[in-house]
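So you can see what is in the structure, the chains are spelled out below.
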Amino acid sequence: MNACIGSPAQYRFQDRFLFFIVPLFVLDGILDIWGFHYHHLHPAGALAVLCAAVQSSPIIGFIVIIGLYLAEEKDEFQKSILVQSMLWAIGVTLAVTTFCGSMEKYSQGPRVDIASVQFLFFLVYIVAIAANRWRYR
Amino acid sequence: MFCTTNSPEQRRWVRSCWTSAALVAPLVLGACAAFRLYHLHGFAAYGVAVLPTLPILWVLVELGRFLAVEKDEFQRNLLVQCVLGGTGGTLATTTIWGYLEDFAHAPHLDLVYVYPIFWLFVLVSYPLVRLRYK
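Sequence order for the protein chains is C and S.
Residue 13 in the numbering used here is what sits at position 13 of the first sequence, and the numbering runs on without skipping anything.
When you read off a place in the second sequence, starting at 1, and then add 1000, the result is the number in the numbering used here.
Be aware that one or more of the hints could be misleading.
To be verified - Cross-link-like lysine to any residue pairs, in silico, SDA-like; alpha carbons within 20 Å at most: (1) C:Lys79 to S:Lys1071; (2) C:Lys105 to S:His1108; (3) C:Lys79 to C:Arg137; (4) C:Lys105 to S:Pro1116; (5) C:Lys105 to S:Phe1066; (6) C:Lys105 to S:Leu1078; (7) C:Lys79 to C:Ser7; (8) S:Lys1071 to S:Ser1007; (9) C:Lys105 to S:Arg1036; (10) C:Lys105 to S:His1041; (11) C:Lys105 to S:Cys1032; (12) C:Lys74 to C:Ala9; (13) C:Lys105 to S:Leu1060; (14) C:Lys105 to S:Phe1043; (15) C:Lys105 to S:Ser1007; (16) S:Lys1071 to C:Leu87; (17) C:Lys105 to S:Val1050; (18) C:Lys105 to S:His1039; (19) C:Lys79 to S:His1039; (20) C:Lys79 to S:Val1028; (21) C:Lys74 to C:Arg12; (22) C:Lys74 to C:Pro8; (23) C:Lys74 to S:Thr1019; (24) C:Lys79 to C:Arg135.
Stated by the list, open to error - Just a sample of chain S residues kept apart from chain C, beta carbon distances all over 12 Å, derived: (25) Glu1009; (26) Gln1010; (27) Val1014; (28) Arg1076; (29) Gly1086; (30) Thr1093; (31) Arg1130; (32) Lys1134.
These are computed hints drawn from the structure, not numbers from a lab.
All residues carry an ideal CB built from backbone N, CA and C; glycine is no exception.
Looking at chain S on its own, in the form it has when it is part of the complex (with noise of 0.2 Å):
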């Protein structure tokens, strides 16, 4: 998102994306496979399904983190539009989908996909965001 950037803070929050992006697929990979070989009940289970949400909680305690010490006015109120253009995003889909099911017999969509699509709405706002200020 922020490539060509020289702000330290924005290579942080940067880092911590691409780390928790890369930490998320071996987790559930990890979670998966330990439910299938060891059939896991009660609060085993319940520890291994919170193990994939960790980096995701993780980088929104970063995004949090970057937002409060982001000296940059304009690059903080541009993350936040496109956050709230995720938001937007993510809950017009989940809701359509969600009642496309009662009413159309739509295919059932999984709640993991939930945070994959805020962040494919998130980069599909940042050069809708950025246009706007060309």
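Excised from the complex, chain C in its bound form (with noise of 0.2 Å):
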């Protein structure tokens, strides 16, 4: 993904995330653009389980490759960083969501889908990795 790539645990991080994640998101895309906009699916009962289940898939498979990279990874300090921004991004995520789901349930504010947690979680993530990097370079 870019040209300082350090450890081979590195290295596998991105293979998997390559070769099993974005096929994932893909076939996530697919299924929202194709299935639910263009021919207006609207699975019920097992059928609606294992869409909500492929639709989620890529969130659970980013968590199981980021576990065998926390696992492999030799180097304290990568580990650091990835651990911190993870513990930013969900500290972050439910103070966001604890936030919101006041607001709603005092009808305050406008109702959130709660499958957005995961967008906003992947946010403050990448946002916390690029601060983290920014601060020890």
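Join these two chains into a complex; the hints should help.
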């Protein structure tokens, strides 16, 4: 992905991301655009659960490959950057969701789709990774 | 989580968790009562809605502090894996539930439940992670 990759664990992380997570995202996109927006599919019962599982598979996969990376990475510094970024991401996500949830509960804010939690998490995670790398450059 | 520990850092961390949990309940009830009684709007509403998030932020800051100061690599690693389990479980649950709301008209899950779901998964992960090192 970039020219400054160091360890074999990072290579494996990027390989897994490229060959496992990206195809799942593509499958999600196809299902979303072709299935739900173009053909207006309305799956029910077990099919709905299957569709929901397929849509969330990139997130689960991503967490799994992060776990594998943390287990394989020997460089404590790289590990610490990743852990710090994840903590920031989950911290901000939990604070924002509690705040928005409270506002929604008291009829002061718009109804927020719970599936958007993942987007918030990854947005903060990317910002936190960039901020941590900048901090230690 | 660390009932049998003698480490002061772990004791401080456990104390923070319990204090935060004890603070969240009255703050949520207080905010709820304030909205019911005074029909808050604008900045006052935002201010009161922020109150229940403060113990949450505090416990997360304490978590970060604990991970920074804890000398025992093994305990640190255990907690990181539990948090990772909590994060994965929370993201998977909220995403699956969100799509079930869209596809199967499942009941709406309030965003305030994301925080308890996270700690539930952290608690579930803890014995599983420990089991790996038996």
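Do the hints match the structure? See the list:
Of the pairs offered as hints, the one joining Lys79 of chain C and Lys1071 of chain S holds, with about 16 Å between alpha carbons and a cut-off of 20 Å not exceeded. Of the pairs offered as hints, the one joining Lys105 of chain C and His1108 of chain S holds, with about 12 Å between alpha carbons and a cut-off of 20 Å not exceeded. Distance check on the hinted pair: Lys79 of chain C and Arg137 of chain C sit about 15 Å apart at the alpha-carbon level, within 20 Å; holds. The hinted pair formed by Lys105 of chain C and Pro1116 of chain S meets the criterion: a straight-line CA distance of about 16 Å does not exceed 20 Å.
Pair hint Lys105 of chain C plus Phe1066 of chain S does not hold up; C-alpha atoms about 33 Å apart against a cutoff of 20 Å. Between Lys105 of chain C and Leu1078 of chain S the alpha-carbon distance is near 35 Å, which puts this suggested pair outside the 20 Å criterion. Taking the CA atoms of Lys79 of chain C and Ser7 of chain C, the gap is about 11 Å. The hint holds against a cut of 20 Å. Among the hinted pairs, Lys1071 of chain S with Ser1007 of chain S is consistent with the structure: their alpha-carbon atoms are about 9 Å apart, no more than 20 Å.
Restraint check for Lys105 of chain C and Arg1036 of chain S: the C-alpha separation of about 11 Å stays at or below 20 Å, so the hint holds. Simply put, Lys105 of chain C and His1041 of chain S have alpha-carbon atoms about 13 Å apart, close enough for the 20 Å limit, and the pair holds. Distance check on the hinted pair: Lys105 of chain C and Cys1032 of chain S sit about 9 Å apart at the alpha-carbon level, within 20 Å; holds. Between Lys74 of chain C and Ala9 of chain C the alpha-carbon distance is near 8 Å, which keeps this suggested pair within the 20 Å criterion.
The straight-line distance between the Cα atoms of Lys105 of chain C and Leu1060 of chain S is roughly 23 Å, outside the 20 Å bound, and the hint therefore fails. Only pairs whose Cα atoms come within 20 Å are accepted, and Lys105 of chain C paired with Phe1043 of chain S is accepted, the gap being roughly 16 Å. Annotation: proposed proximity of Lys105 of chain C to Ser1007 of chain S is violated, straight-line Cα distance about 40 Å (limit 20 Å). Distance hint between Lys1071 of chain S and Leu87 of chain C is fulfilled; the C-alpha atoms sit about 19 Å from each other, no more than 20 Å.
The suggested pairing of Lys105 of chain C with Val1050 of chain S holds, with an alpha-carbon distance near 13 Å, which does not exceed 20 Å. Pair hint Lys105 of chain C plus His1039 of chain S holds up; C-alpha atoms about 13 Å apart against a cutoff of 20 Å. Taking the CA atoms of Lys79 of chain C and His1039 of chain S, the gap is about 47 Å. The hint is violated against a cut of 20 Å. Straight-line distance between C-alpha atoms of Lys79 of chain C and Val1028 of chain S comes to about 36 Å, which puts the hinted pair past the 20 Å bound.
Under the criterion of a C-alpha separation no larger than 20 Å, the hint pairing Lys74 of chain C with Arg12 of chain C is consistent with the structure, at around 13 Å. With a C-alpha separation of about 9 Å, the suggested pair Lys74 of chain C and Pro8 of chain C falls inside the 20 Å cut-off, and the hint holds. A distance of roughly 36 Å separates the Cα atoms of Lys74 of chain C and Thr1019 of chain S; the hinted pair therefore is violated under the 20 Å criterion. Pair hint Lys79 of chain C plus Arg135 of chain C holds up; C-alpha atoms about 15 Å apart against a cutoff of 20 Å.
Distance check on Glu1009 of chain S: its Cβ is at least 16 Å (rounded) from any Cβ of chain C, clearing the 12 Å threshold; non-interface status holds. Look at Gln1010 of chain S: its CB is around 17 Å from the nearest CB on chain C, clear of 12 Å, so calling it non-interface holds up. Look at Val1014 of chain S: its CB is around 18 Å from the nearest CB on chain C, clear of 12 Å, so calling it non-interface holds up. Distance check on Arg1076 of chain S: its Cβ comes as close as 9 Å (rounded) to a Cβ of chain C, failing to clear the 12 Å threshold; non-interface status is violated.
A cut-off of 12 Å between C-beta atoms contradicts the statement that Gly1086 of chain S is not in contact with chain C; the least separation is 8 Å. The non-interface label for Thr1093 of chain S is inconsistent with chain C: the shortest C-beta to C-beta separation is roughly 9 Å, within 12 Å. At roughly 16 Å from the closest C-beta of chain C, the C-beta of Arg1130 of chain S stays outside 12 Å, upholding its exclusion from the interface. Remark: the non-interface label on Lys1134 of chain S is consistent with the geometry, its nearest Cβ contact in chain C lying 17 Å away (cut-off 12 Å).
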